[in-house]
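The residues making up each chain are set out below.
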Amino acid sequence: MRAALRSFPTLLRVGFADAVAYRAEFLIWILSTNMPLVMLALWSAVAREHPIGGWGQGKFAAYFLAALVVRLLTGCWAVWTMNYELRQGTLSFRLLRPVHPLLHYLAENVAAIPMRGLFALPVAAASLWILGSGELASDPWSYAIFLAAVLGAFAINFVSMTIVGCLGFFVESSLAIFQVWFGVYLLLSGYLIPLDFFPGWLREASAVLPFRFMLSFPVEVLLGRVSGGAALAWLGYQWALVAAMLALLVITWRAGLRRYSAYGG
Amino acid sequence: MIEVRRLTRHYRVHKRPPGLAAAFRSLFRRVYETVVAVDGIDFDIGPGERVGFLGPNGAGKTTTLKMLSGLLHPTSGEARVAGFVPRERRAGFLRQITLVMGQKQQLLWDLPPSETFELNRAIYDIPVAEYRQTLGELSELLELGDLVKKPTRQLSLGERMKCELVAALLHRPRVLFLDEPTIGLDVSMQATMRSFIQAYNERFGATVLLTSHYMEDVAALCPRVIVIDHGRLIFDGALGELVRRVRPDKRIELRLSKPVAAADLEKLGRLVQHGEGLAVLQVPHAGLPEVVARCLSTLPVLDVSVEDPPLEEVFRELYQRVPATGEAGGI
Numbered sequence: 001m002r003a004a005l006r007s008f009p010t011l012l013r014v015g016f017a018d019a020v021a022y023r024a025e026f027l028i029w030i031l032s033t034n035m036p037l038v039m040l041a042l043w044s045a046v047a048r049e050h051p052i053g054g055w056g057q058g059k060f061a062a063y064f065l066a067a068l069v070v071r072l073l074t075g076c077w078a079v080w081t082m083n084y085e086l087r088q089g090t091l092s093f094r095l096l097r098p099v100h101p102l103l104h105y106l107a108e109n110v111a112a113i114p115m116r117g118l119f120a121l122p123v124a125a126a127s128l129w130i131l132g133s134g135e136l137a138s139d140p141w142s143y144a145i146f147l148a149a150v151l152g153a154f155a156i157n158f159v160s161m162t163i164v165g166c167l168g169f170f171v172e173s174s175l176a177i178f179q180v181w182f183g184v185y186l187l188l189s190g191y192l193i194p195l196d197f198f199p200g201w202l203r204e205a206s207a208v209l210p211f212r213f214m215l216s217f218p219v220e221v222l223l224g225r226v227s228g229g230a231a232l233a234w235l236g237y238q239w240a241l242v243a244a245m246l247a248l249l250v251i252t253w254r255a256g257l258r259r260y261s262a263y264g265g
Numbered sequence: 266m267i268e269v270r271r272l273t274r275h276y277r278v279h280k281r282p283p284g285l286a287a288a289f290r291s292l293f294r295r296v297y298e299t300v301v302a303v304d305g306i307d308f309d310i311g312p313g314e315r316v317g318f319l320g321p322n323g324a325g326k327t328t329t330l331k332m333l334s335g336l337l338h339p340t341s342g343e344a345r346v347a348g349f350v351p352r353e354r355r356a357g358f359l360r361q362i363t364l365v366m367g368q369k370q371q372l373l374w375d376l377p378p379s380e381t382f383e384l385n386r387a388i389y390d391i392p393v394a395e396y397r398q399t400l401g402e403l404s405e406l407l408e409l410g411d412l413v414k415k416p417t418r419q420l421s422l423g424e425r426m427k428c429e430l431v432a433a434l435l436h437r438p439r440v441l442f443l444d445e446p447t448i449g450l451d452v453s454m455q456a457t458m459r460s461f462i463q464a465y466n467e468r469f470g471a472t473v474l475l476t477s478h479y480m481e482d483v484a485a486l487c488p489r490v491i492v493i494d495h496g497r498l499i500f501d502g503a504l505g506e507l508v509r510r511v512r513p514d515k516r517i518e519l520r521l522s523k524p525v526a527a528a529d530l531e532k533l534g535r536l537v538q539h540g541e542g543l544a545v546l547q548v549p550h551a552g553l554p555e556v557v558a559r560c561l562s563t564l565p566v567l568d569v570s571v572e573d574p575p576l577e578e579v580f581r582e583l584y585q586r587v588p589a590t591g592e593a594g595g596i
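From first to last, the protein sequence lines are chains S and V.
Numbering follows this note's numbering, in which position 210 of the first sequence is assigned residue number 210; successive positions increment by one, without gaps.
One gets this note's numbering by counting positions in the second sequence from 1 and adding 265 to each.
Hints were generated in silico from the structure; no laboratory data involved.
Keep in mind that the hints are not guaranteed to be accurate.
As the list claims (entries may be wrong) - What the simulated footprint calls covered on chain V by chain S, stretch by stretch (three residues with Cβ under 8 angstroms from a Cβ of chain S suffice, anywhere in the stretch; the number is not a length):
#, region
1, 335-345
2, 360-369
3, 383-394
Model, not experiment: these values are computed from the prediction.
We put the beta carbon where it would ideally sit given N, CA and C, even for glycine.
Make a model of the complete structure from these sequences and hints.
See the structure below:
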């Protein structure tokens with residue numbers, strides 16, 4: 001484990017070099033996370049005349065710009081890599097190395113964050129400050145909780161993707177399953193519609209499902225919608241979800257490896 | 266170094282006839298078939314040995330290598346490599362082995378090979394001084410030069426294969442599993458690879474288990490061969506012994522100063538090649554000295570040489586002899 005940790009900076013560095021090998025592709029990939037901006041334009045148009053459910057244009061702007069910031073900091077693509085490598089049999093090379101393949105995937109996904117941050121975060125953060133600064137949390141502790149919640153959101157994103165990726169050991173392609181997961185995520189994470197707009201029963205259900213903790217929860221903290229003891233309690237719940245999903249990942253990974261067929265070659 | 270006991274691996278394969286109707290039917294009803302890829306094989310390989318692991322396509326060679334390198338879990342049976350159980354994939358085990366697959370690559374496609382080398386240095390926790398020394402030695406043996414600075418995708422197959430070998434050997438593994446490492450390479454690059462593998466084996470005392478369909482690889486590198494077919498072991502021993510058992514005859518190549526009639530040559534043995542100034546006879550091993558003496562005394566011989574039949578022929582005959590049941594027959 002110590003050797004694995006020592007190798008982590010190099011894994012990050014090489015992952016970073018790989019992520020930016022094609023400049024144009026990288027830029028397009030960054031731009032592909034712009035859905036919150038589309039939703040911002042849409043909801044702003046709807047709320048131009050009258051607030052919707054108590055949400056005016058400023059509130060929508062703050063929400064979707066905060067969502068963009070969180071999305072930029074928590075985006076992953078591990079499931080696509082795993083699906084490809086399982087089908088092609090190239091996962092074998094990761095399995096032959098004395099560093100856990102999941103740690104290797106983690107390094108690759110973390111490595112792209114700084115570059116994404118460098119390009120897109122200043123723009124998103126500045127826009128958020130200009131358009132919605134009145135909506136931001138006033139309690140300094142909220143920002144500390146926000147950072148922990150973003151980390152937790154990244155963890156749930158990554159772990160859920162790798163769990164679905166592991167299903168590729170059992171079915172011919174895990175991407176179809178991921179599309180279903182992602183569809184539910186779009187709806188229940190607050191990515192397209194703030195969770196406040198859901199009817200009571202759905203709002204209550206979405207409050208405890210993992211999807212909220214992948215996007216909406218950090219946004220709620222940043223905007224001061226949830227703060228103090230309540231924010232800390234939800235943060236604890238978020239990390240409990242991370243722990244439970246990690247346990248599920250370990251079980252799925254081990255069961256999957258026994259079925260691995262190392263296709264080709 | 267490698268111990269294999271009753272090693273077996275079954276695959277469950279989805280069977281589907283071609284065509285749209287069959288594709289649609291397979292949505293509702295799937296037919297699976299169990300394929301026995303490796304069927305209870307046993308062998309031992311000592312430290313520093315170079316062994317050819319041979320068999321026709323689909324014989325179970327690659328599956329066996331994948332089980333020995335810990336990628337596949339055996340259905341039953343046991344294997345130990347360098348004192349470890351491969352399927353447990355302990356870090357100590359992974360540091361001592363490498364698997365080179367001629368048809369797959371570990372090099373990062375969009376980055377120069379030097380980045381993969383650096384990645385492996387970190388992953389295998391190789392001290393910097395040792396890494397530089399090994400990289401220097403391997404680069405010199407393979408004459409890598411500036412190749413390592415070009416993105417992998419811009420390298421030729423041969424250049425890429427050289428870099429693959431370096432990436433696979435940086436941690437100085439004691440056991441090399443080489444699965445068709447020379448496939449697709451030109452003759453000169455194949456020769457480079459062979460001499461490199463031999464040099465590495467001699468320099469580090471590494472154990473080498475090699476699969477290849479190129480008989481030159483086997484002849485140059487493997488004093489011992491293990492042959493499997495339909496998942497079963499059909500021969501384990503010296504290459505020369507295999508040749509003697511499968512084709513217990515020799516070839517006499519005669520350079521002649523003037524033409525000799527085929528009928529006269531056929532009196533001495535089976536004529537396998539006849540041309541101007543050249544004749545090749547196939548004779549039983551036991552009668553060789555007598556036939557050579559008669560050739561020299563009765564024919565206008567300029568030069569004579571005695572050889573085994575070509576390995577390609579030996580293996581073709583061997584694979585044809587083994588029935589589909591996988592019985593070893595008389596081998």
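Structure-based check of each hint:
Counting residues of the region 335-345 of chain V whose CB falls under 8 angstroms from any CB of chain S gives 4; the rule of at least 3 is met. Beta-carbon proximity to chain S at under 8 angstroms applies to 8 residues in the region 360-369 of chain V; the threshold of 3 is reached and the given coverage holds. With 8 residues bearing a CB less than 8 angstroms from a CB of chain S, the region 383-394 of chain V meets the requirement of three and the coverage assertion stands.
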